[in-house]
Amino acid sequence: MRRFLALLSFSLLLVGPAQADPPAEYAFQNYADALQRASASDKPIFLYLGRHGCGYCDKTNKQSFSNGDVRTQMNKTFELAYVDSEGSERLILPNGERVTEAMFAERLNVVGTPVFFALAADGTEIARLYGFQPATALLAFTDYISTRHYETQSFRDYVAGTQSASQ
Amino acid sequence: MRRAACFIALVVAAQSCPAWEFTSAIEVSRHQGKNTFHHLDATGRRSIAVNDEWVAVSWEDNHSGETNAYVALKRLTDDRFLNAEQLNTAGSAYTPGITAFADGFVAGWSDDDAVWARFIGADSKGSPVRVSTSHADQIALAPLDSTSAIAVWMSRENGTCIYAARLQLKGTALTAGTPTPVSDCAVQRSQSQPAVATGSDGTVIVWQDRTTGTNRVYASRTKDAATFTEPVQINETVKKSATWGAGSSAINPSIEHGAQGFWVSWLDKRADRAGYKVYSALSEDGLSWSENLKVQDDFGDETPQWSVSLAVSPTGDGIATWSDAREAAGQDIYFARTEDGDWSENHLFEGGAGPGDQGSPSVAVDAKGTLHIVWIDKADENSSALKYATGTADEP
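Residue numbers (this note's numbering), protein chains in the order written: chain R, 1 to 167; chain E, 1 to 396.
Honestly, I wouldn't trust all of these hints.
Claimed, not checked - Straight-line C-alpha distance at most 35 Å; calculated DSBU-like pairs for lysine-lysine:
1. E:K294 <-> R:K59
2. E:K368 <-> E:K378
3. R:K59 <-> E:K240
4. E:K294 <-> E:K223
5. R:K43 <-> E:K34
6. E:K239 <-> R:K59
7. E:K378 <-> E:K125
8. E:K378 <-> R:K62
9. E:K294 <-> R:K62
10. E:K240 <-> R:K62
Don't read these hints as lab results, they were simulated from the structure.
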């Protein structure tokens with residue numbers, strides 16, 4: 001899957017506007033714009049794969065993305081992208097294949113939503129989180145990516161390490 | 001595990017497991033090199049159609065360097081398809097669909113601006129006709145009578161809304177009538193994925209809409225392709241949380257008509273983290289619908305289903321195909337059919353199983369009850385081929 005995302009990354013083009021409901025006050029943009037901006041800013045990408053009506057998306061939006069620290073840190077650290085897992089907007093992959101947002105979610109084997117991906121600026125997958133995430137997890141995930149701890153350990157090991165260090 | 005569903009059914013009730021006999025697969029369009037991809041993603045998943053003499057397959061691929069829509073025909077008695085012909089004459093084309101019409105077929109597709117249709121005869125083809133007058137996508141077609149058909153599509157004006165228009169055939173030339181919204185576009189502002197079928201009691205259009213917060217499947221009936229009944233929700237929306245979200249979604253409806261009425265199937269998210277499940281409903285008149293019927297069996301409950309396509313047997317039974325990865329070795333194609341109103345155990349289509357991914361099935365049934373199936377065979381991530389087979393099942 002990592003290889004697939006890397007393949008997908010370089011010149012992915014989103015045709016038309018995304019129809020989605022990412023949380024307010026975040027600089028979520030379509031995937032193509034996020035990749036383009038990331039190549040200039042060299043920031044990692046935070047990809048939110050959601051679904052309209054999804055309960056865990058709604059809960060994460062209202063309980064976690066509403067957190068001011070999360071908002072500040074994520075807007076500062078990432079280029080933010082949102083893809084509607086049931087959307088019919090077209091993505092054109094760098095290999096020339098055209099897929100819809102829904103087909104893209106199928107390729108990523110997104111079974112339940114939300115799924116949050118951290119991608120390198122070139123689109124290569126770094127890590128992913130499944131399901132509802134509390135604000136503390138989103139902040140830890142942001143730290144994990146920005147401090148590049150993903151190069152040496154999993155996110156779960158990183159979280160366990162920071163918890164034991166604080167005790 | 002591969003034959004577990006059928007084997008167990010044989011032990012419990014042997015007569016309830018009809019044997020499917022399939023021909024060997026033949027190619028509709030072969031692997032054409034690295035980074036060439038076939039798509040069978042017509043709205044309503046109607047990428048194959050059959051009449052008394054011919055079978056037609058429409059698809060999209062990028063082998064020319066441009067994404068185009070194609071059609072290929074095969075005489076039922078022949079063992080190979082004729083050369084593919086391009087449907088669109090300019091620009092790119094997406095999501096073609098096809099249905100039997102008059103003494104041939106009518107195909108529709110999208111380009112970057114509008115939806116188009118074209119008559120496809122065995123000996124001659126009509127010119128493409130632009131069907132939508134505004135920015136549009138996702139066209140589906142059904143015959144009304146021997147000289148007219150109905151086109152339905154997703155218009156992109158002020159949100160997305162399903163429109164319909166009558167297509168009139170003279171010789172091989174189609175003429176498109178005035179587009180009419182199927183429902184109030186101010187009430188349902190996020191409609192997409194239309195599908196349509198005609199029966200003895202009118203024409204029924206189904207689509208999905210998420211104006212209420214989650215995608216739901218609706219139906220409306222017309223008898224004149226110009227006036228439409230109020231939309232009726234077909235799927236049951238399951239809301240597991242009183243606090244969060246808007247409930248389960250239902251997407252990608254397919255519809256077919258037969259002796260028992262209108263069958264509709266769709267992908268349903270009520271199982272939540274198990275992914276999409278296949279559900280269906282039946283209506284005699286297109287106005288009132290049965291309770292939702294689960295299509296995949298217990299062996300498919302733990303893995304998501306994708307790309308459900310629907311056909312109806314001459315006796316009116318529903319036949320559903322889809323892909324899933326219950327054997328954890330890539331996507332394989334499965335079948336189920338209704339027996340006395342309930343869906344059967346699932347059958348693995350052996351020709352659409354094995355290494356790599358076999359998916360995006362589309363099915364049609366001819367007058368003799370033979371099932372025609374086309375699917376995408378992906379041996380790896382970088383290329384694909386279109387394959388076709390026919391099958392028959394013992395009557396239960």
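Right, here's what the structure says about each hint:
no. : hint              : verdict
1   : E:K294 <-> R:K59  : holds, 28 Å
2   : E:K368 <-> E:K378 : holds, 31 Å
3   : R:K59 <-> E:K240  : holds, 13 Å
4   : E:K294 <-> E:K223 : holds, 30 Å
5   : R:K43 <-> E:K34   : holds, 32 Å
6   : E:K239 <-> R:K59  : holds, 14 Å
7   : E:K378 <-> E:K125 : holds, 31 Å
8   : E:K378 <-> R:K62  : violated, 41 Å
9   : E:K294 <-> R:K62  : holds, 33 Å
10  : E:K240 <-> R:K62  : holds, 17 Å
Going through the hint list in order, the structure does not satisfy hint 8, though it satisfies all others.
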